[in-house]
Amino acid sequence: HAPQGKLLLVTPRPGTISPWSSKATDIAHNCGLQQVNRLERGVAYYIEAGTLTNEQWQQVTAELHDRMMETVFFALDDAEQLFAHHQPTPVTSVDLLGQGRQALIDANLRLGLALAEDEIDYLQDAFTKLGRNPNDIELYMFAQANSEHSRHKIFNA
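Note that the numbering used here has the sequence shown beginning at 1, numbered continuously upward.
In short, the hints are calculated from the structure, not lab data.
Heads up, some of the hints might be wrong.
Okay, the calculated beta carbon distance ranges per label pair [unchecked claim]:
(1) G50 to Q99: 49 to 57 Å
(2) V60 to D95: 38 to 46 Å
(3) Q144 to G32: 37 to 45 Å
(4) Q87 to W20: 48 to 56 Å
(5) H86 to T51: 31 to 39 Å
Since the structure is predicted, the reported quantities are computational estimates derived from the model, not experimental observations.
A virtual CB, placed ideally from N, CA and C, is assigned to each residue, including glycine.
Produce the complete structure using the sequences and hints provided.
If you want it as structure tokens, here you go:
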């Protein structure tokens, strides 16, 4: 029978390729299915909940997915975004050498890096010694490697 309720389709975030997708696509190609460009998987939830407010739907979706790795679509056609090809965003430089510490503070806020004061100090010192400006990719990588969820700060690694 046809599914009942509101569709919540949990998939990897658009712009990413999950490890499952890479492996499944490789298997398809190894089986001679060269016409397959990409396979991806998701989980379709059909929720019968009566009338919920937008805030309540946000709470439901928050429980069903990891927002760092996944997204929720409300229509199957929306999942086509998973297979769209986008131009990569150009790398941008943060003018630390010209603007000093304030450039890192501004980048921290603009890029959502959540860097601590001592990390900003470290980056300022390191890139000043290198004699060059950091780019956004380097700052993202530094923030990710030193984020609390990686436990590097907790264990003083």
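Against the structure, the hints:
For the pair G50 and Q99, the beta carbons lie near 54 Å from each other, so the given range of 49 to 57 Å is met. Separated by about 43 Å at the C-beta atoms, V60 and D95 satisfy the suggested range of 38 to 46 Å. In this structure the hint that Q144 and G32 lie 37 to 45 Å apart at CB holds, the actual value being about 38 Å. Take Q87 and W20: their Cβ atoms lie about 25 Å apart, and the range 48 to 56 Å is violated.
The supplied range of 31 to 39 Å is met by H86 and T51, whose beta-carbon atoms lie about 36 Å from each other.
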